[in-house]
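*Asks:* Protein chains in written order, with UniProt numbering: chain A, 1 to 347; chain B, 1 to 347.
Rather than coming from a laboratory, the hints here were simulated on the basis of the structure.
Remember, it's a predicted structure, so these values are computed and weren't measured experimentally.
Among the clues, some could well be false.
In this list, chains with the same sequence are indistinguishable; a pair is considered to hold if it fits within one copy or across any two.
Stated by the list, open to error - Derived DSS-like pairs: lysine-lysine, alpha-carbon spacing no greater than 25 Å straight-line:
#1 Lys-309 <-> Lys-228
#2 Lys-309 <-> Lys-151
#3 Lys-343 <-> Lys-46
#4 Lys-299 <-> Lys-196
#5 Lys-210 <-> Lys-270
#6 Lys-270 <-> Lys-196
There are 2 protein chains.
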Amino acid sequence: MEAKGYHVAVVGATGAVGQQMLHTLEQRNFPISKLTLLSSERSAGKKVMFRDEEYIVETATPESFEGVQIALFSAGGSVSKQLAPEAVKRGAIVVDNTSAYRMDENVPLVVPEVNEEALKSHKGIIANPNCSTIQMVVALEPIRHQFGLNKVIVSTYQAVSGAGAAAINELKEQAKAILNGDDFTPEILPVKGDEKHYQIAFNAVPQIDKFQDNGYTFEEMKMINETKKIMSMPELHVAATCVRLPVETGHSESVYIEVDAEGVSAQQVKELLKESDGITLQDDPSQQIYPMPANCVGKNDVFVGRIRKDLDRDNGFHMWIVSDNLLKGAAWNSVQIAESLVKLQLV
Amino acid sequence: MEAKGYHVAVVGATGAVGQQMLHTLEQRNFPISKLTLLSSERSAGKKVMFRDEEYIVETATPESFEGVQIALFSAGGSVSKQLAPEAVKRGAIVVDNTSAYRMDENVPLVVPEVNEEALKSHKGIIANPNCSTIQMVVALEPIRHQFGLNKVIVSTYQAVSGAGAAAINELKEQAKAILNGDDFTPEILPVKGDEKHYQIAFNAVPQIDKFQDNGYTFEEMKMINETKKIMSMPELHVAATCVRLPVETGHSESVYIEVDAEGVSAQQVKELLKESDGITLQDDPSQQIYPMPANCVGKNDVFVGRIRKDLDRDNGFHMWIVSDNLLKGAAWNSVQIAESLVKLQLV
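If we strip away everything but chain A, and leave its shape as in the complex, we get (with noise of 0.2 Å):
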C-alpha cells in the first residue's frame, strides 16, 4: 500500500456508468496514486478529465492491467469475462459492475450495507449486482435483521438511463418527435439486442432485458437470484416483474413484503428504516411526501416511503423504494465496495 493510494483503473470509462464511477472517485476523495482509463477499441482515444487532469482513454488489454491494484470493470460482460482473470492474474482486485459473475459462487456479489462481511472470501473479483437489486436490498436488509422476512414481491419502475447512454438518448428524441407529431422508428429499447423494439415515450414496456424459457426476463430473474445471494437467503420467496418506463435516471420499486415477527406496526419499519445505513426515509402522506425518481437523481442513497401495512396480513407490508440507479445502482455502490477493500484491509 502506498501511501498516497491505489493504482486504479475504470474499465469502461467513457460509459454512462464508468463517467458516474469517476465522478464518485472524485466526490468521495478516494485514494488514488495513479489512474488508468481502459475502454473497449472503439472508445479508445477520448479524453476524460479528472481532478482536473486531462487522461487519455486507452484500449483495455491483458497488459493494461500491469501494477493495477483496484479495476472496476463496466464494459459489458463480454470484456469483463475477457478481461477480469487477466486483471486478478497480474494482482488486480475486480469490481465487476456486469452480470458475467454475479451468479459464481466463488465471486462475492456485494453490497456494504448488507454483506460487506463476504468481501473477505474474494478470490479476486468481487461482483456488483443488478441495479434494481441493490436499492432494494438496501431497504429489505434492517427489515430482515429486525423482524425477519419471508416474501418478497416487487414490481418496478425502472429508468432508461439502465440501458444505456443511447437509450436516454432514444427517450428523448422520441419525446420530441410525438410532441411534434412526427414520425420515429425506435432502435434500441427495450432490449438492444433483441428482435423487436418499441415506442418507450409516454409508454411503460413489461420487458427489460431478454426473456427465459420461464417466461421471466433475466432482469427479473436477476432480482429473484441476486436477492437470495446477497442476503445469504436461498429459502426466501422472491417474485419480480420488470417495467421499462420513460424516465431519465432513477429506479422505482413497489415492493410488498412478508415479515416474520408477528404485531410490527408500520411506524417501527418507518422508525427502524430511519436509522438504517444508507436509507432516507421520506414517508409523510399528510405532507405529500415520498420518493420519487426526479428526486433522487446525483445522491448516493436509497429513498423509501409509502410505508404500510397490509390490511389483510398482520405480517405484510407495501413501501415504495426509489434510488439513481447509476450511483447506488452502479457506481456508487461499486465504489463503496473500493472503499469496503480499504477499510477491511483487503487491499
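On the provided structure of chain A, position chain B as indicated by the hints.
*Replies:* What follows is chain B alone, placed relative to chain A:
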C-alpha cells in the same frame, strides 16, 4: 320504450370521458331517440357534434332530466350527488361514472363481464367503477370462476388522462419544457385539489387521489373496496399501490394473484383468458408480445399478458393487465352498462 330508441342524457359532455362516451355511443350505434348534452355552467354553450348533428351543451339542472330515460354522468362527484337523485326522481336510470355512489349498498357497482346480473337490483342509480378496478376485475373474474381466487396484490402504472384533460396538457407542456431546458411549475398533478404539485414528465408519482389516514390513497382504497364489491367477495385479500406515470392514456397493472385450485398451469390461465369476454390475450414472450399502453388506446378490450406462475407458490400467478382508461375504464363500461340495461329490458 320507443321504437327509435331512448332519450339519453350525457352529463359532463365536454370532458375527456364525456367526449369518449359520445364517441362510443356513436360507434356502438346505441338506440337514441333524443340526446341531451349537459355540463356545468362553465362549459355550457359549447357546441358538440354527434352523428353529424350539432348540439349545444346546456347547464345541468334538475329540470334538464324531464323525459330522460338513461343519464350517463361524468361531471364529478358533487354534480352526481346533487343531480343523480333529481334525474332518478324524473324517471331516468343513472349510470354514474364518479365515485359518489360506488360503495352505497343500494347501488349496484357493475362491470358487465363480471356482475351484469347486479343491474336487476338497481334503484335508479348504477355506479361505474374506478378505471383501474374495472380492467383488473375483467381479467380476474374468469380466473375466479374457474380456479377460485383468494389474494390479489396490484401495483398500477396509471396514465394522466385519468386526471382529466388539463392533466394531459400538463404532461405535454412539462415534457416540452424539460426537453427544451425551460422552467416549469407543476399545477395539477398528482391531485388538483391537494396542496403540493409535482413534476409528472419523466417521473413516477406514487400518489393518485388524496391520502387517507391509514396511509393508503383513496385510489388504492377504491381498488381494494370496489374489487370486493364487484366480485361479491368481501373476504378477498386485495392490496394496491397506485402510481401515476408520464403516459397520456392507458393504465397498466402488475398483478399477483393466488388461486384456490392446486396444480394450475400458466398455460391453463392463458387459454382461459383467451376465450373470455372483453379480453385480448397478448402473451408470447418468444415474439416479445405483451400489452403496452401505447397499443391499447382507442380499443375497448382489456389486454392481458406476461402470465407466469410464481416460482415459489404453486397457486401464485403474475400478470400484466393494460386497458384504455377512458374506454373500458370509463366511457365504454358506462355505455356497456346501458346496453345491458336494454338487453335485460330494465329500461
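*Asks:* Decide, hint by hint, whether the structure agrees.
*Replies:* Evaluated hints:
1. With identical chains, the CA atoms of Lys-309 and Lys-228 are at most 25 Å apart both within one copy (24 Å) and between copies (19 Å).
2. In this assembly of identical chains, Lys-309 and Lys-151 lie within 25 Å of each other by CA distance both inside one copy and across copies; the values are 14 Å within and 16 Å between.
3. In this assembly of identical chains, the alpha carbons of Lys-343 and Lys-46 never lie at most 25 Å apart, being 33 Å within a copy and 71 Å across copies at closest.
4. For a Cα distance limit of 25 Å, the shortest separation of Lys-299 from Lys-196 across copies, 22 Å, qualifies, whereas the shortest one inside one copy, 34 Å, does not.
5. Taking CA atoms no more than 25 Å apart as the test, Lys-210 paired with Lys-270 passes between copies only; the shortest distance there is 21 Å, against 36 Å inside one copy.
6. Taking CA atoms no more than 25 Å apart as the test, Lys-270 paired with Lys-196 passes between copies only; the shortest distance there is 22 Å, against 42 Å inside one copy.
Taken one by one, the earlier hints fail for this structure only at number 3.
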